[in-house]
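Protein chains: 2
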Amino acid sequence: MSNFDLTIHESDHKKPKPQTDQIAFGRTFTDHMFMMDYDTGKGWHDPRIVPYEPVTLDPASMIFHYGQTVFEGLKAYRTADDRILLFRPEKNLQRLNQSSDRLSIPPIDEEEVMGYLKELVKLEREWVPETDGTSLYIRPFIIATEPSLAVAPSKTYIFMIILSPVGSYFPGGIHPVQINVEDQFTRAVKGGTGMAKTAGNYSSGYQAQAKASETGNADVLWLDGIEKRYIEEVGSMNIFFKIDGEVVTPALNGSILKGITRTSILEVLNDWGVPVVERKIAIDELYEAYQAGKVEEAFGTGTAAVISPVGELNWQGKQMVINNREIGPLSQELYDTITGIQRGNREDAYGWTIEL
Amino acid sequence: MSNFDLTIHESDHKKPKPQTDQIAFGRTFTDHMFMMDYDTGKGWHDPRIVPYEPVTLDPASMIFHYGQTVFEGLKAYRTADDRILLFRPEKNLQRLNQSSDRLSIPPIDEEEVMGYLKELVKLEREWVPETDGTSLYIRPFIIATEPSLAVAPSKTYIFMIILSPVGSYFPGGIHPVQINVEDQFTRAVKGGTGMAKTAGNYSSGYQAQAKASETGNADVLWLDGIEKRYIEEVGSMNIFFKIDGEVVTPALNGSILKGITRTSILEVLNDWGVPVVERKIAIDELYEAYQAGKVEEAFGTGTAAVISPVGELNWQGKQMVINNREIGPLSQELYDTITGIQRGNREDAYGWTIEL
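Taken in sequence, the protein lines are chains A and B.
Residue numbering for the first sequence follows the numbering used here, beginning at 1 and increasing consecutively.
Residue numbering for the second sequence follows the numbering used here, beginning at 1 and increasing consecutively.
Don't read these hints as lab results, they were simulated from the structure.
Each residue gets a CB set at the ideal place from its N, CA and C atoms; glycine is no exception.
Hints may be right or wrong, so weigh each one.
What the hints assert, rightly or not - Cβ pair distances, simulated, as ranges:
| id | chain 1 | residue 1 | chain 2 | residue 2 | range |
| --- | --- | --- | --- | --- | --- |
| 1 | A | P18 | B | R125 | 46 to 54 Å |
| 2 | A | P54 | B | N324 | 52 to 60 Å |
| 3 | A | G351 | B | D37 | 46 to 54 Å |
| 4 | B | D284 | A | D336 | 23 to 31 Å |
| 5 | B | P16 | A | D21 | 52 to 60 Å |
| 6 | B | E333 | A | R279 | 49 to 57 Å |
| 7 | A | D336 | B | A150 | 23 to 31 Å |
| 8 | B | E110 | A | P54 | 29 to 37 Å |
| 9 | A | Q19 | B | E90 | 46 to 54 Å |
| 10 | A | L356 | B | E110 | 51 to 59 Å |
| 11 | A | P54 | B | G43 | 18 to 26 Å |
Go ahead and model the full structure; you've got the sequences and the hints to work with.
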């Protein structure tokens, strides 16, 4: 199979494009999508760009019963001079294959799929919004489609890429959020699927999210599933703290997702000579540092927000207000740097962007 | 909404029914299925029996991305005098709602859905096979259908019931299986979704299953996710041991599924006056008892097999051969009792069966 095999069936009916400042996340989709099929013995085949349309599946398809599925999320950005940039997309396809390995899903050819992804975004380039903070969200995903109730890996899969124009994550400017430290529900544990981007990891957090919302918190800080003591992730982002001049983020331990923004921030901080360490960090240690006045900044990192500053943490009735609920200078500089590179406003000294 | 609302659209094309001794599990489906829809504000509505056919879903449907889904599994049995029996179906619908609660899915009305389920099985009664050990497998499930990539509970769902005639779990007679005690991968942990029947719990076990198969084992015995010491489940069944005259099964701890066969066996053993206890049981404790010659029987329990005797356990290079790899007398009597009640060959003193 090569890019030569890609077929393109253009849609006759083009949808109106939304006002980019009025788009709710992930509810508007472009005119086309990418699909390819997998059959055991035949491998991945029939790569095609087709009109965005419903998929038709047998009710016994394994995706509905045993959750064999993986996904990715990345973005295309429009620069001021009208170029379209992707941010480290090869990292997403690498991670997709790592997730697939955990879920016993056959790997894709990363180079070929990169070609298909680029072709799809090129075809939909008018859908990439231009306002600051906006982008075209790219969602590759794989679902198990074999119609069988046997608890075993599927013999057939569909790989799809859908595209959704998204508004700014911070339409009114960056406002640090209030977070509940969850000490009852568990997101993931060593030996589980926490390091994989797979569906079941997300809906399993809805109850904790609802609990957080009830007490006025915007999101959840997850602790480890064993001792409920070590900090793991915030919502569906990685988490960083600046404590006494040093930046700390939880070390990858098998239950934390290896975020691409996380990796990029570690590289930038190292480049800047800012002390930074990946290690275990306990919530009680954080609270002690907070009481000593040493917690200077806290922020989540992910594709959606890039940097989402944390203004307040609530843990077992204890409140930690961070940097007077304002974005800290390091958080701001990291945000400006990464988003600047993504949108082509800053020099990409790291070679992270790919122009279509 | 009441049963009065149920609409039935009969299929014009009836499929040929398979030879019941040649049916692989979960690959053959009957002529009809049940469906109903949920919309926030409207609740569950439009209950209907329709021809078995593919479902059409937007590629952004939340089931494909965040795994918000639950399911159940139960069986209809044909008695020697041609009656159709269901085994404790109300327990399945109760558990479905318990699973839904964990996954932030709106509950169904158990009584109404029981009515729909019975109507569907009645319509398909010719599909219930008659050979000993065969049955009609019933798979109710709910999937999140809102087309949105926001990580939040869906505003729309579909509830479906599909039916599949299944052959005997032990076509050549009951053969105890060889099991690998998994000490690397984790099925579930406290605070997670292990007690819920939700898709992600199943595909997350495929790697451990493959590892077990590579070393000649038929299935996996899961240990707890925290200490990797306490016994939880075997494959997708509960596990029981008879040790020194006493039956032991792991206590429900939030990460173990509350099996309906498990519950029934506990009730039968109590009724018989056999000493039985639900408690934590460590794998090293089991091995010590084994070395002392005290492990008399071991068996998994679940809807598919009812009783699946364990003939050999392999744990970190240590082998435990149980009852000379033969089914034990208690396992056999439990199997005969439960299957006898299910098929109407034994008196149902417990009132567990419901006749259609």
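To see whether the hints hold, each was checked on the structure:
no. : hint                         : verdict
1   : A:P18 to B:R125: 46 to 54 Å  : holds, 52 Å
2   : A:P54 to B:N324: 52 to 60 Å  : holds, 56 Å
3   : A:G351 to B:D37: 46 to 54 Å  : holds, 49 Å
4   : B:D284 to A:D336: 23 to 31 Å : violated, 55 Å
5   : B:P16 to A:D21: 52 to 60 Å   : holds, 58 Å
6   : B:E333 to A:R279: 49 to 57 Å : holds, 56 Å
7   : A:D336 to B:A150: 23 to 31 Å : holds, 26 Å
8   : B:E110 to A:P54: 29 to 37 Å  : holds, 31 Å
9   : A:Q19 to B:E90: 46 to 54 Å   : holds, 51 Å
10  : A:L356 to B:E110: 51 to 59 Å : holds, 53 Å
11  : A:P54 to B:G43: 18 to 26 Å   : holds, 24 Å
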